[in-house]
Amino acid sequence: MLFLDVGLNRGRFRLEVRLECDEGVTGLFGPSGSGKSTALGIVAGLLRPDRGRIVLDGETLYDGADGVCLPPHRRRIGLVFQDSQLFPHYSVKGNLLYGLKKIPERERRFAFDGIVDLLALRPLLNAHPRRISGGEKQRVALGRSLLASPRLLLLDEPLASLDTGLKAQILPFLQKIRDELKLPMIYVSHALPEILQLTDRLAVLDQGRILAAGRLDEILQRGSEARHFGPDNILAVTVELHDLESGCTLARFGNLPLVLPLRTDQEIGRTAYVSVHRGEIALSRNAVPELSIQNQWPGRVSKIESRGSGVQVYLDAGVPLIAEISPRAYRELALQEGEIMYALIKTRSFAYLAARTMLDQSASP
Amino acid sequence: MLTPEEWSALWLSLKVSVWCVAAILPPGVLLGWLLARKQFYGKALVEAVVHLPMVLPPVVTGYMLLLALGRNGWLGRWLHEGLGVSVAFSWKGAVIASAVMSFPLMVRAVRLAMSLIEPRLEQAASTLGAGPLRVFFSITLPLAAPGLVTGAILSFARSLGEFGATITFVGNIEGETRTLPLALYTYTQTPGTEEPALRLALISMAAAFAALIGSEILTRRAEQRLSGD
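Keeping their order, the protein sequence lines are chains B and U. Counting with our numbering, you get residues 1 to 365 for the letters of the first sequence. Counting with our numbering, you get residues 1001 to 1229 for the letters of the second sequence.
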């Protein structure tokens, strides 16, 4: 278990982070420049904070008051960078062995062959790092970190430089590390769907501060942090029924019934995370009968914000929703704060992020 | 082909240059690394002092060495009385003059090579459990190898051609401090020795050319090793 409470001043940038991470995966979510990598650097020991305390499994790694600051090579914390950073003068095998060979046999947590097989690295062992693909590099970087027997693995946007297809190829490996090796991980990303593939326990970081931490559905319930998740509305919904005949999955969002695209792999009664883009939500003064749009929810307009080319309308439908409409639509509707509007959302506008069922497996130690 | 005097000059030049490179390589690597990777008080001053011989007239450098390391110089006296070592007017002094003159080239080459190394490679190594010493010897130094080679060869070539500081500091003593350029200079000052002067000039040019070609080949080979070809 990691306890982190640190502060750092770098000119205009100020970082104040307090975070506790249990077993399993903790997501660290935030836009670029929010201080995610800085926070990881502090945990790994690459950056020295100005004040605070870092404790890992009962061992103090940093204590500003006592002047304790363990150097990175004594922390046994693995770090995987976005761009692999494989050693160009070693082969893939040499990279994998770099940390491993200096660790006494009885202190090794993972066997070489086990990790090589887990990450499917055997065909690459004799290759040169420059001669393998981006996805392969990232697998080697993962393996190299794991073989150094870390107590905690930090992943700094490990998929950000890979294209979508490759991301999907690496994720199963990360899930394997989570499920088979039971290694605590902190996963940093600015892409919420990516984090949700691994965990829904996360902390939201913005401008050097933790805005919210906990399980995503609980964070969403509190509502105030919804705007930090980018242009998508993220909804934690309860799956109720798969209606094969009508081709829909029915769910409940707070007190609202929800019609979603059919996805039978989402377990009934469980929480699923779905997203809908702000621009995909239409507003209407009345419910519209005889319309193909299945989801029509009344809500009170709590705030109207004109930003750039769009008008952001904050709607309180028992749960917070944000719709983005054009300034023209805003003028014609003569929208006022405090009035009741219907949010109209097409079934097909919803995208599934992840189901808690899958994430639950990670929570059990 | 060559007269014994010419052989002696050539041999002496090679000896001085080899010793010069051997002497400045370790401190050059250390200082290059410090300048590339560390921030410390007085860094600008250190840099200025190291680079001074590049912009000063070599005669001035030689004269300063003479003042400091000559028999009556503060450092020279201490060396002579304390350790029984005398560098003035000996080939060892020629090594020192060459070293001071070529040190900036070595430091610059190492510094450039090391500043081009991605710092996160070193950070990655440290998170894998490598202490500062292992990081330096297993990551920084091998990755800076092309720069080290360039620095060594440039220093070697600079040392082969050293004239001003050497003649001012240790004089022009045949068989002791008369290196190739000094011998060439001596011939040009003596009537009727155009032929050996020309021979030595050609040898100098060949040596410089060989050094540059060698540098190119070695650098390319080191870079190829890093890029996996």
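It is worth saying that the hints were derived from the structure and are not from the lab. Heads up, some of the hints might be wrong.
What the hints assert, rightly or not - Beyond 10 Å from chain U on every Cβ pair, some chain B residues (computed):
(1) Ile77
(2) Arg144
(3) Phe173
(4) Arg278
To be verified - Computed, partial: chain U to chain B, Cβ under 8 Å:
(5) Ser1115
(6) Glu1118
(7) Ser1126
(8) Ala1130
(9) Gly1131
(10) Pro1142
Just so it is clear, CB atoms sit at the ideal spot from N, CA and C, and this is done for glycine as well.
Hints versus structure:
1. Ile77: 6 Å, violated
2. Arg144: 7 Å, violated
3. Phe173: 19 Å, holds
4. Arg278: 36 Å, holds
5. Ser1115: 17 Å, violated
6. Glu1118: 7 Å, holds
7. Ser1126: Since chain B brings a Cβ to about 4 Å from U:Ser1126, closer than 8 Å, the hint holds.
8. Ala1130: Because about 6 Å separates U:Ala1130 from the closest Cβ in chain B, which is inside the 8 Å limit, the hint holds.
9. Gly1131: 5 Å, holds
10. Pro1142: 5 Å, holds
In this structure, the hints that do not hold are numbers 1, 2 and 5, in rising order.
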